[in-house]
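Residues per chain are reported as follows:
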Amino acid sequence: MVELVPTLLRQELARLAEDDLRLDGRGRWEGREVTLETDCLYNAEGSAKVVMGGTIVYAGVKFELRTPWPDRPAQGSLMCGAELRPVAHRKYEPGPPSPQSIELGRVVDRGIRESGCIDMESLCIVPGEKVWGVMIDIHVLSDGGNIFDACGLAAIAALRTAVVPAKRFDVGEDYTLKVNGTPIMSSFTRVGGRYIYDPSEEEELGGDERIHITLGDEGHLHSLQKGLRGVFTPAEFAEIFEVAHLRCSELRELVANQEGN
Amino acid sequence: MGGYGDVQLLRDDGLRLDGRKIDEMRPVAIEAGVLPAADGSAMVTHGLNVAVAAVYGPMEAHPRKIQRQDRAVIDVRYNMAPFSTSDRIRPGYNRRSREISKVTAEALESVVLVERYPRSKIRVEIEILAAEAGTRCVGITAAAVALADAGIPMRDLIVGVASGKVEDTVVLDLDKAEDNYGQADLPVGILPNTGEIAFLQMDGDLSPDEFNLAMEYNFKAAAEIHEIMVDALKRRYEGGEN
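Heads up: the protein sequence lines correspond to chains A and B, in order.
First residue of the first sequence: 1, per my numbering; consecutive thereafter.
First residue of the second sequence: 1, per my numbering; consecutive thereafter.
Hint data in this document are derived by calculation from the structure and do not stem from the laboratory.
Some hints could be false.
Simulated pairs of lysine-lysine, DSS-like, Cα-Cα distance not exceeding 27 Å [as the list claims (entries may be wrong)]:
hint	chain 1	residue 1	chain 2	residue 2
1	B	K176	A	K91
2	A	K167	B	K65
3	B	K176	B	K102
4	A	K167	B	K121
5	B	K176	A	K167
The model shown is predicted, which means the values in this text are computed figures rather than measured ones.
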């Protein structure tokens with residue numbers, strides 16, 4: 001579908017930005033309310049549902065036994081994929097995975113993988129012969145803006161609840177997957193000339209480039225991505241980086257609270 | 001039916017493995033209007049099955065070759081999420097989902113007043129998030145509620161239900177074990193007000209008498225599910241939201 005970015009929307013967003021306002025009344029660095037539910041899908045070995053404003057995302061974890069890569073005989077594997085299926089918005093068309101959904105899946109994948117929260121050697125059963133392949137599939141059901149953060153949150157929350165189905169595969173007793181850390185993504189979009197946190201659908205439609213930052217428990221960077229047309233300055237990045245620390249900590253706490261229940 | 005072997009599906013007390021009576025269906029819960037981005041939507045939980053349906057449109061039908069001059073076309077995609085089954089499904093269309101999408105679309109075209117929207121398209125997206133046998137029926141029920149939620153005029157709702165046969169006994173609403181090891185499966189889409197049938201498939205082995213009994217069970221279940229559908233749609237528009 002051709003996206004006709006409404007000029008009026010852009011003008012309105014720019015006008016609001018002059019007074020540091022947003023279309024839905026939020027502060028510049030204020031996120032929408034987030035609800036997280038885990039263990040919500042029968043048949044998935046780990047699962048999570050995230051609702052963030054009008055955005056709804058599910059993630060499910062599945063395991064399979066596979067032979068290890070020849071150059072890493074004692075390591076299992078982790079793969080994270082996202083599907084932007086036509087269910088999520090009228091703008092998504094059926095067909096093979098779009099560049100957008102591939103980018104989304106890969107950015108989430110990098111954040112989780114590079115944080116080192118999964119010890120790949122712990123996924124080895126018989127070196128050179130049999131290892132676990134862990135697959136996180138993300139399903140976007142409703143795109144109401146900022147699906148990146150919702151997908152990142154759903155993926156790590158699902159992974160953290162995953163139970164390795166060893167019994168079903170005849171390789172021992174089931175056990176909880178060991179996950180050392182909770183990498184969290186924060187996303188920013190330029191709207192009306194300045195960056196804002198957690199863009200809504202309208203802000204994405206009338207906005208410009210976006211930046212995604214994934215931080216680990218210690219506040220270290222694990223994945224960065226700049227998407228869409230536009231440029232930014234180091235000073236602008238420094239500002240959103242500060243905010244990312246705060247927002248990531250809050251969402252990490254949300255995951256911890258959910259697990260505490 | 002995929003089943004072979006000596007799996008006991010009926011207990012000595014005549015009940016089924018999950019404790020249901022032979023003409024008892026799994027619990028059903030329905031919520032309308034669950035997806036903010038869609039024009040209409042519904043989530044149906046049926047036993048451990050979870051199906052979500054979204055409706056977009058009526059909208060311009062393209063490519064133009066799919067346009068019909070006298071009516072709307074309904075474009076259905078039935079899809080199982082990769083994590084919806086015990087072994088992960090590779091994302092993407094397969095022969096099974098294509099066939100289910102086709103016959104589901106034809107069933108829905110039989111109840112929607114498609115002649116009201118010539119040359120347009122109504123998109124119906126059915127996503128199965130968790131599968132425990134009977135997903136095509138749960139998908140049809142979800143699609144019908146989502147179409148009604150989108151305000152698209154219909155002659156009637158359509159309810160997806162199935163009966164089948166295990167250990168030579170006709171039972172209502174097969175669960176996973178019964179589907180895997182049973183002898184027959186008869187999924188139908190019933191128009192609850194007119195008593196007509198818009199969707200019909202069957203595989204396995206049924207005598208004429210068994211078929212009649214299975215249909216009787218299906219109609220009984222359709223009436224029950226219909227009440228839950230209507231209730232979901234009423235709840236959606238009560239309380240002042242939207």
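Evaluation of the provided hints:
| no. | hint | result |
| --- | --- | --- |
| 1 | B:K176 <-> A:K91 | violated, 36 Å |
| 2 | A:K167 <-> B:K65 | violated, 51 Å |
| 3 | B:K176 <-> B:K102 | holds, 24 Å |
| 4 | A:K167 <-> B:K121 | violated, 47 Å |
| 5 | B:K176 <-> A:K167 | holds, 19 Å |
Going down the numbered hints, you'll see the structure goes against 1, 2, 4, while the others check out.
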